[in-house]
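Trainee: Residues per chain, in single letters:
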Amino acid sequence: MLADAFVEAFNLITSGDPELFKILLLSVQVSMTALFISVLLGLPIGTVLAISEFPGKRICVTVLNSMLGLPPVVVGLLVYLMLSRSGPLGVLGLLYTPTAMVIAQVVLITPIIAALSFQVMDDLHREYSELFMSLRVNLAKAIPVYLWDARYSLVTSVLAGFGRAISEVGAVIIVGGNIDHLTRVMTTAIALETSKGELSVALALGIILLSLALIVNALVTSVRTFALKNAYV
Amino acid sequence: MKLKKTLQFLGISIALPLTSNLAIAESILVQSTTSTKNSGLYEYMLPIVEADTGITVNVVAVGTGQAIKNAERCDGDVLLVHAKPSEEKFVQSGFGVSRSDLMYNDFVIVGPGSDPAGIHGSNNISDSLQKIAEAQALFASRGDDSGTNKAERRLWKATSIDPKAASGFWYRETGSGMGATLNAAVGMNAYAMTDRATWTKFANKGDFVIQVEGDKRLFNQYGVILVNKDKCPSVKVEAGQKFIDWLLSDKGQNAIASYKVNGDQLFFPNAH
Amino acid sequence: MHMFNPNLAMQNTPHITVNPAIEVNGLHLALSGETLLKDISVTSYTQGVTMVMGANGAGKSLFLRCLHGLLNPTSGTIRLNGESLTESRSAQAMVFQKATLLRRTVLQNLQFAAPAGTTMSDIRSVLEKVHLAAKEKNPARMLSGGEQQRLALARALLTRPRVLLLDEPTASLDPASVLIIEGLINNAKLEGVKSIFVSHDIGQAKRLASDIIFLHQGRITEHTDAETFFTSPQSKEAKAYLAGEIVL
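Order-wise, the sequence lines are chains A, B and C. Under our numbering, the first sequence has 155 at position 155, and the numbering climbs by one with no breaks. So the number in our numbering is just where the residue sits in the second sequence, counting from 1, plus 233. So the number in our numbering is just where the residue sits in the third sequence, counting from 1, plus 505.
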């Protein structure tokens, strides 16, 4: 079975199957868009939480950390109920569209980006805050420094978020509906092929998805290696 | 400009979801069952629909129970499922305009070649279920309130056995779709009830064969319903009705009849 | 160099017109309910280096942080060179025990801290002084411990401070770096910079100090000129400390 799957995966890739390419492209587009929005939301949340002091900060951090474990199916269900025609946002007609999948993934990975960037920024803040006080560097000047000096660690967090988004099936299958040529992505295609008993095709798709994850991880590793070499982490 | 190009290179496109949504304006959404989707019927038929009517049909395939609930939440224009009593209730409660018979096939009991309950070749479903229960042979049920699951429960009711009492013992409820349940059945050598279309197209059969077929109680009727605009103003009445009319027309019925897998016809049109 | 006993100065010349370099009155510091600095009052007219000495946990670093405004004392007043803390802050620079350097090159670390109007040649000349000119393109955090501390001192000097605060800057550094750093502090003294230097190192205190503030358990037990401190310490804590005994 495993050997079949590898042959199948190889054939699928070399055949240049436009269907496969479309599914792969949609997967990447949806997850990239979700990632982009999640970074816009999560990075400021994590940064502000790390460098500011306010009552209830600890509770916020605890809530954020527990949101890391949000089950995708629950996120999918919540987004479904919001976007359903009979739900509060039903008039937008977004259910079963790529936008709905983006929304679900944003809900899923924004906490990841926020929590990881909080950790990175918190560490950096502990290290830099006294120096910045000493040099009388104000917050407006400090924030860009934090972001820039944390860039390598932040890239790692961001790619972790991407990995979670692109490999997730529970949420996108509920809000996307796995509609052929519209909302079918790699993970939902794998679920479908599995349910059709086409296990080697499913596994082949899995191998392709895994290769994508490998490329992303190789990228992370090389970025980290470079950063470590220069003590930029 | 440079940023935009970089984003495009990365595959980020904010406009993407919007354009995709526009495409839906020409299209309808059908809430349907996994059996029709897994059998490959839609892949065969929908391009013909599009060529004939210009309507793009998007199908969400879930269990009949969930499909009906989704349609009650107005998340669909057309309902195409297989659980007549539930469908009639859906229409009576005002969610559907009217129900039409569309096509049928039949359910079969599949099981391992070793046939531990000794039911191979039977055409009496009640007898067979009785024997499975007596032998305490494993039986994998959908357990998801789908059309197939409802039909299976009706058949158990006709015997004097309450399989729920043996749930987790020899009666295994997967709570999943047809394909996942068949995978589970093959994996644990359990009997399972499935629609013939899904079984024919199913690729992971192992040594499983059809054990019981041909009982008229195994009849599996599919119906089609337009979701009611009075309950759901978002329903695309015109396009939805056009799709239903096409399905019920000679053209549609012929298309259903002409869909074959390995030479076997999977669905039998009976709109007329 | 005009040397005098600050104690005598306090007693005998109350009408002096020169502002004291350090003037602390009734300084108390409590953090999370614990009193860490108690009733610290000290006036020092010495130019050059005032050493703050004492055992670990005596409150030396906390005292320095109060002088630099990094910690807000619970009560008390601080004036340096006759200026209140808000006035004096812009002319202060601090070097910490462990150099905090940005994740950038040596040059970029200096550019970040450089006040407006600093030229490239200003930066290069500071780099020369700390013997790091050849490493300006290196990642700062890849430097050795001694080099990192020299860079931190260069960064402090670049801001042209009138008051330099040093929190054990040479603890556990290589001798060459210690020599460079001490030389630069001596140079700064000649240029009129007031240094307040926390140190453990009795030899270093003998080399650099003009006067010595000795802290014990958050209080000042002794403040004398360096010579007096080393030849005839008055407090029993200072005596024990200089004798190499453990002071509790």
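Simulated from the structure, these hints should not be mistaken for lab results. Among the hints, a few may not be true.
What the hints assert, rightly or not - Chain C is nowhere near these chain A residues, computed Cβ spacing over 10 Å in every case:
no.	residue
1	45
2	55
3	119
4	210
Said to hold, decoys possible - Heads up, simulated PhoX-like pairs for lysine-lysine below, C-alpha to C-alpha not over 25 Å straight-line:
no.	chain 1	residue 1	chain 2	residue 2
5	B	464	B	449
6	C	603	A	141
7	C	603	C	711
8	C	640	A	229
9	C	741	C	543
10	B	322	B	390
11	B	364	B	302
12	B	317	B	302
13	A	229	C	741
14	C	711	C	634
15	C	642	A	141
16	B	475	B	462
17	B	302	B	397
18	C	711	A	229
19	C	694	C	744
Note that beta-carbon positions come from the ideal geometry of N, C-alpha and C, so glycine has one too.
Trainee: Taking the hints in turn, state whether each one holds.
Mentor: Evaluated hints:
| no. | hint | in the structure |
| --- | --- | --- |
| 1 | 45 | holds (23 Å) |
| 2 | 55 | holds (16 Å) |
| 3 | 119 | holds (16 Å) |
| 4 | 210 | holds (33 Å) |
| 5 | B:464 / B:449 | violated (36 Å) |
| 6 | C:603 / A:141 | holds (23 Å) |
| 7 | C:603 / C:711 | holds (23 Å) |
| 8 | C:640 / A:229 | holds (16 Å) |
| 9 | C:741 / C:543 | holds (18 Å) |
| 10 | B:322 / B:390 | holds (20 Å) |
| 11 | B:364 / B:302 | violated (35 Å) |
| 12 | B:317 / B:302 | holds (15 Å) |
| 13 | A:229 / C:741 | violated (51 Å) |
| 14 | C:711 / C:634 | holds (23 Å) |
| 15 | C:642 / A:141 | holds (23 Å) |
| 16 | B:475 / B:462 | holds (15 Å) |
| 17 | B:302 / B:397 | holds (24 Å) |
| 18 | C:711 / A:229 | violated (41 Å) |
| 19 | C:694 / C:744 | violated (28 Å) |
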